[in-house]
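Trainee: The primary structure of each chain is shown beneath.
Protein chains: 2
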Amino acid sequence: MFESAEIGHRIKKSVYQREEPALRQALLQAQYELLENATFPVVVLVNGVDGAGKGETVNLLNEWMDPRHIRAQAFGALSEAERDRPEMWRFWQALPPKGHIAILFGSWYTDPIIERVMGRQKRGQFRRRLERIRHFERMLVAEGALVVKLWFHLSRRAQKKRLRELASDPKTAWRVSKGEWRRFAHYEEFVGVCEEALRETSTGEAPWQIIDGSDPEYRALAAGRVLLEALQHRLGGAHCPVLPPPPLPPEPLDGRNLLNTLDYGRALTREDYRRRLAKQQARLGMLTRHKRMHDRAMVILFEGMDAAGKGSAIRRATAAMDARYYRVVPIAAPTDEERAQPYLWRFWRHIPRHGSAVIYDRSWYGRVLVERVEGYCAEGDWMRAYDEINDFEQQLAEDGAVVVKFWLAISQDEQLRRFRQREATPYKRFKITAEDWRNREKWPLYERAVTDMLERTSTSIAPWRVIGTDDKLLARIEVVRHLADTIEQATGG
Amino acid sequence: MFESAEIGHRIKKSVYQREEPALRQALLQAQYELLENATFPVVVLVNGVDGAGKGETVNLLNEWMDPRHIRAQAFGALSEAERDRPEMWRFWQALPPKGHIAILFGSWYTDPIIERVMGRQKRGQFRRRLERIRHFERMLVAEGALVVKLWFHLSRRAQKKRLRELASDPKTAWRVSKGEWRRFAHYEEFVGVCEEALRETSTGEAPWQIIDGSDPEYRALAAGRVLLEALQHRLGGAHCPVLPPPPLPPEPLDGRNLLNTLDYGRALTREDYRRRLAKQQARLGMLTRHKRMHDRAMVILFEGMDAAGKGSAIRRATAAMDARYYRVVPIAAPTDEERAQPYLWRFWRHIPRHGSAVIYDRSWYGRVLVERVEGYCAEGDWMRAYDEINDFEQQLAEDGAVVVKFWLAISQDEQLRRFRQREATPYKRFKITAEDWRNREKWPLYERAVTDMLERTSTSIAPWRVIGTDDKLLARIEVVRHLADTIEQATGG
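Keeping their order, the protein sequence lines are chains L and S.
Using the numbering used here, the first residue of the first sequence is number 1, and each one after it goes up by one.
Using the numbering used here, the first residue of the second sequence is number 1, and each one after it goes up by one.
Treat the hints with caution; some may be incorrect.
Here are the computed lysine-lysine pairs in the DSSO-like style, where the Cα-Cα straight-line distance is at most 30 Å [as the list claims (entries may be wrong)]:
no., chain 1, residue 1, chain 2, residue 2
1, L, Lys12, L, Lys160
2, L, Lys171, L, Lys13
3, L, Lys442, L, Lys428
4, S, Lys442, L, Lys12
5, L, Lys122, S, Lys122
6, S, Lys160, S, Lys12
7, S, Lys442, S, Lys472
8, S, Lys291, S, Lys279
9, L, Lys442, S, Lys12
If we take Cβ atoms under 10 Å as the criterion, some of the chain L residues that face chain S in the derived model are [what the hints assert, rightly or not]:
no., residue
10, Ser4
11, Lys122
12, Lys149
13, Glu195
14, Glu200
15, Gly204
16, Ile210
17, Pro246
18, Asn257
19, Trp382
20, Ala385
21, Tyr386
22, Glu388
23, Thr451
24, Thr457
25, Ile461
No lab work stands behind these hints, which were simulated from the structure alone.
The model shown is predicted, which means the values in this text are computed figures rather than measured ones.
Backbone N, C-alpha and C fix where the C-beta goes; we use that ideal spot for every residue, glycine too.
One chain only, chain L, in its complex shape (with noise of 0.2 Å):
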C-alpha cells in the first residue's frame, strides 16, 4: 500500500516555482465556485507519519486559499467538554457549512491508530471503530460532502533522516521530542497498523490518496492536485444513478398497527393522579441526583401526533428536576446554518455532558415523520436514516447515555375534541393553527410513518415508550414513572 510513496518522489525547485502559481489560481478559483453554489462541503482530512510535512501541506493550502472560507482545525488531548461526551462529538463540531472548506489535521483517524499501536486497544475494538467511521463517511458522502483524505508518508529511513534534519536545526528542534523518537522506534507496528486503517477504509466513495511525504516540493504539489482535482470533479456535477431502496413493507393488512391497538381508554381521578403524581416525581428527583449519574449523560425525547401534550408531560418531568441539570431543546424547521450540515448535526450539537440531560420536544426522528410525509427529503434520504439514527443512539449509549424515547400517542377522535377546545380557548388559542389541520387530514400517512419508525428504531439499546395519552393524567404519571424506572435500572438500583 505504501509502496509506491516509498520509491522517493521529487521535483526540482525550478518545476514548482513554475507550477505553483497556476495550481494556486486554479485552487482559488474553485474555492470560489464552491462558495458561490454553496451545494456541498469539503472536509480534506490530513494524516500520515510524523514529519511527513502535514503541518507544512495545511499551512500551504491556507496561504494558497481564501483562509476565511477555510476552517483548518488540529484535534489534540481531549478538553474536558469533549471527554464529557461520545467520540465523534468533536469531529461533529468541526464539520464545515456547505460551500466551505475544513482542513482536519489528525481527525477521527489519529486516536484509533495510536491506541492501536501503543496496545491500549484490542484488535476487536481497533475494527469496531473502523467500521464507526466507514459509517460516518459514508453518511458525510450521502449527505453531499466532498471528503478528501491525504495520507503522508515516509519510509522508515526517510522517517529517520527528517527526524535528525529537525532535530538538528535550532528553528524546528522543538518539533522533535522524546515522543517523536519513541513513536519511531516502533516505526514497523505503526505501519502496519495504519495499513489496516487505509485498507478497511479506503471505500469507493471516500479514498484515501497517499503521498510521499519525503520532498517538500514534491508533497505540495502533490496535495494541491489532489485537491483541487477533486474539487474540479465535482463541481464539473457529474451523478451516478443509483438504484432505489426497496420499499418498506406495505401496511400491516388486517390495520391492526402499534397506534390502533393501544389501550387509550383508562383513566384516573384528579385526586389519584396528585398522589401518584408527587410519588413519581420524588423518585426521578432523587434518581436524577444518584451519584452514578454524575458521569452520564441523559438524552430524552419526546416525540407524538400534534396535541398530544407533549410539552405538559415534559413540564411534569422537569418539575421533579434540578434546574441546572437539564435543558429543555425543542426541535422546529432547521435554521440556515443547520440546513448547511448534514442532518443530524443539529442534534449533535445539543448532546448533553456526562452529569446532565438535555429533553428534546421533538427531536431526530422528524426526518423519517414530518420530512418523509411531507416529501421534504427523498426516498433514499429517509430510508437510510433509521439506520443512521440506531448508530447514533448506539454511540450515545456506549457513552453510557441513558436514552429515553416517548411517543405520545393520542387517538384521532381526542385531538379532535383538542383542537376544537383549544380554539374555543382564548389563552389556548396560539397553540392551533391551521398546519395542524393540514396535518390531521395525512393522519394515516404519519400513522404509517410512526409505525415504521416504531418497528426500526425500538432497539434493546433505545427502546421506544409508546404511551396513550387520551387521559392526560395518566399520560404524564407514566412519563414520569418510566424515567425514573429507566434511571433506576440504568444505575443498578
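Using the hints, position chain S against chain L.
Mentor: Structure of chain S alone, referenced to chain L:
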C-alpha cells in the same frame, strides 16, 4: 423492533381467499416482466424464529410464481466442499442470475446468529461477521441486485403455542425435535441476538421486513405483498442520483512510479538459469506437499501487460507441482452466465478447496485494469472494486489461503521487441492480435491503472510481487522462488 409483530396480526380465511388470486396473478406478472427485462437479479432471504412459517412461505412463493425461474435453496450443515472454502463461498454459488429470483431459506445470517446464541462466538466476532454481511449486501445492491429480507417473528407465547400444535399433530410432529425445544428455552437470548443482527444490518439499501408469523394466512399475504411491492417498485425503474466519488490522485508529478523505477536490466546466463530453476522448483515441489498445506488453499494470480510472459512463468511454476494439486484458470471476457452475476462471482466459483491450488492467468483485477481503461464499467464501479477486492482477499486469507499476486512488468521497448518477434515467428503468430497493438497504444493509461492498483491493493494480507520480466529467465526464477518463499513463511518453516 419486534413490538409490531407481537400485536397478533391475523386476517380472516375469507379475506385470504378473496385476495390471494389477485396477489398471485400480480406476482406472476412481475416475475415475467423481470425475466423479460433481465436487468437485475432478486435475492429473497427468508429468516426468522422456529415455527414462524418460513418453510410454508417458501413453498407458497414457489407455488404462486413460475418455479422454473425461481431457485429456492435451503442452507443446512456445511458440506465437505463448503467446509473447505471461505464461509461466503456457498452463498456466492446460490446467487441468481439477472432476471431470476433466488429464495434463500436460512442464509448468511443463520450461522452467525446460532453461534452467538449458543455462546460459541464472542460478541466481537459476531459483529465482525455482521459487518462482513453489510459489505456483501452492499456489493450486491451496487451490482444491481434487489435484496428483499424477510424476517418471520413469533412472540414467546406464540412460538410455544405453535411448537405444541406442530408436536401434537402426527403429520408434523417430526418437525419439532429436541433441538427446537432447546432453542425455545433460549428464546430471550435468541431474540436479543436477532435484534442486534437486524439492527446492524437493516440498511437503507437492504432493509429488513419483519412479518408476524403467527397466522398462516396473514404471513402468506404479507410476505407476498412485500415481494410484489419491491418488484414493482424496482421494475418501475426509479433511479436516485448519487454523487460521484472523488478521483484517484493524479499521476506522480515527477513521473516516477512503481513500474518505471523498476530495474529491468538484470540478466542471467542460460546455465545459471538451469541450475537455479532446478533448485527453486525442487523447493517449491517439496513445499506444496508440506503437511501444513493440506488444510490450506493456495490462490495464485498472474497479471501483466501483453507479452510479459505470464504463460511461461506459470508453466515453470506448475512444472514443480503435482498435477492433482493445482488448476490453471485462464480469465478471458466473461461468459453470458458470468455477465448476469455480480463481478466477483466468476472468481469465487473457482476458489480452490483446502489442500489445493488455483492459478489465475489474469484475474479479478481486470475490473481496475482493462475495464477501467476501456470504459467497460462506470467510474463508481471500479472505484469501489479496490475495497471489494481487498475484502475478498481478506476472506481468502482468513480461511487460511496462501494468496500470491504477481505483476509481471515488462518495459515498453521489450514488449515491442517481443511483439515483432511473435509476428515473425509462424508458430507464435497466434499470440499476437490487433488488440495487442491497440492496448499498447494505451500504455500510459494502463500504467496509471496498474500503479493505482498496486498502491490500493498491495496489503499486508495479500501483497503484490512486482517482477521485471525483460529478462525472462530471471523472471521465471523469481516467480518460482517467491512462491516457495511464501509457502515456507506460511508453513512456519
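Trainee: Of all the hints given earlier, name the ones this structure violates by number, lowest first.
Mentor: No hint contradicted; all consistent.
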